[in-house]
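Undergrad: Sequence:
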Amino acid sequence: MESQERQPVAWRPRSQPLPALAVAGVGPVALALARRVLTAEDAVLARWSGVAGPGVLVLLGDTESLPWVDGVVYLGRDAAAPSLLLPCTLAPEVAPSLLERALISRAQVGTPLAVLPRAGRLVPVGAARPVSRVTLGSWLARQERP
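Just so we're aligned: the sequence shown equals residues 31 to 176 in our numbering.
No lab work stands behind these hints, which were simulated from the structure alone. Don't take each hint at face value.
[To be verified] Computed beta-carbon distance windows for the label pairs:
(1) R175 to R42: 36 to 44 Å
(2) G150 to P126: 13 to 21 Å
(3) A109 to A171: 23 to 31 Å
(4) A171 to S113: 17 to 25 Å
(5) S168 to E123: 20 to 28 Å
(6) R131 to R172: 13 to 21 Å
(7) A70 to R175: 21 to 29 Å
(8) V74 to L128: 35 to 43 Å
(9) P49 to S127: 32 to 40 Å
None of the values given here were measured: they were computed from a predicted structure. Backbone N, C-alpha and C fix where the C-beta goes; we use that ideal spot for every residue, glycine too.
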């Protein structure tokens, strides 16, 4: 039986940006995003849910409330791939439904999946929880340790 090599997916600018449902940061951008979130008022913080892992932070919320820091990626939902959160300004050069099937079968984790092509990361966001200032502060402190 022949082994199949994974082919990287090429991305192109999206003709019509997707409405943002999430914002993600990887590496130093994730840390900057966490610092920005920690400055938000409690009422704004209560509008977000999120997931975090080693070097990655994804926040979900309404478009108007999502924070900005330099280097973040805004993610939205393409109707052709509803289980994925894709970059709002980029579209895969393959059919989104095919990409969705391939990523879900390869990842073998829950959906939806945040797709971060430039970082080469897939982040399951189905377990997103309300953002807690204490929990986020603790995550940030762990990430900043040498």
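Undergrad: For every hint, state whether the structure bears it out.
TA: Consistency of the hints with the structure:
Separated by about 39 Å at the C-beta atoms, R175 and R42 satisfy the suggested range of 36 to 44 Å. Hint check: G150 to P126, Cβ distance near 18 Å, so the stated range 13 to 21 Å holds. Between A109 and A171 the Cβ separation comes to about 39 Å, which falls outside the hinted range of 23 to 31 Å. The supplied range of 17 to 25 Å is broken by A171 and S113, whose beta-carbon atoms lie about 33 Å from each other.
Checked against the given bound of 20 to 28 Å, the beta carbons of S168 and E123, roughly 40 Å apart, lie outside it. In this structure, R131 and R172 break the distance hint of 13 to 21 Å, their C-beta atoms being roughly 35 Å apart. Restraint check, A70 to R175: a C-beta distance of roughly 24 Å satisfies the suggested window 21 to 29 Å. The beta-carbon spacing between V74 and L128, approximately 37 Å, falls within the hinted interval of 35 to 43 Å.
A beta carbon spacing of about 19 Å between P49 and S127 contradicts the range 32 to 40 Å that was offered as a hint.
Hints 3, 4, 5, 6 and 9 from the list above are not met by this structure, while the remaining hints are.
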